[in-house]
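A.B. asks: Sequence:
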Amino acid sequence: MTKLEEMLQQMEDKQVVVLEDRRLPRSVKGLYLWDEKQPLIILQPDMDGREKLCVLAEEIGHFETATMDMRYCSRYQIAFQERLAMERAIQWLVPFRGLEKAVRAHIWTPWDCAEYFGITEEMMGQAMDYYQHTAPQELARLKRFAYRHSIP
Numbered sequence: 106m107t108k109l110e111e112m113l114q115q116m117e118d119k120q121v122v123v124l125e126d127r128r129l130p131r132s133v134k135g136l137y138l139w140d141e142k143q144p145l146i147i148l149q150p151d152m153d154g155r156e157k158l159c160v161l162a163e164e165i166g167h168f169e170t171a172t173m174d175m176r177y178c179s180r181y182q183i184a185f186q187e188r189l190a191m192e193r194a195i196q197w198l199v200p201f202r203g204l205e206k207a208v209r210a211h212i213w214t215p216w217d218c219a220e221y222f223g224i225t226e227e228m229m230g231q232a233m234d235y236y237q238h239t240a241p242q243e244l245a246r247l248k249r250f251a252y253r254h255s256i257p
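Last residue of the sequence shown: 257 in this note's numbering, with the numbers rising by one and none dropped.
Here are the simulated DSSO-like pairs of lysine-lysine, each with C-alpha atoms no more than 27 Å apart in a straight line:
#, residue 1, residue 2
1, K119, K108
2, K108, K134
3, K206, K248
4, K108, K206
5, K134, K119
6, K119, K142
These aren't lab readings, by the way, just hints derived from the structure by calculation.
Just need the whole structure built from these sequences, with the hints factored in.
C.D. replies: Listed below in structure tokens is the structure:
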């Protein structure tokens, strides 16, 4: 089962409807709508598998972390909720242990890491930024390992 299929199954198990709809504005790749009876995630249908995986993971992050109706929130509160959702997506798609495993397997360029995790390069960049702030010493250790082992 792929990560995408696994995430879709998790949402089905939690009775969250996930559907694709072309009526979303082109600038909106995904949308989470909370309803106590039937939560809903809507995705832009014309995304490739990697992009769909990343967008779905972030929308699931909203489902798991949302505490309020964001229509009535300040920009600060909205930015905070967006960050929480993205952090949840990163933790699921690029767990730090998985990053360590990739580096030890001599996979260390951003595009190779994105390929390894099956995600977009943009998401990989966000994951690196996230770990730079949440685990700076561990990330520095991985970078040193990669540097030492990349020199012939």
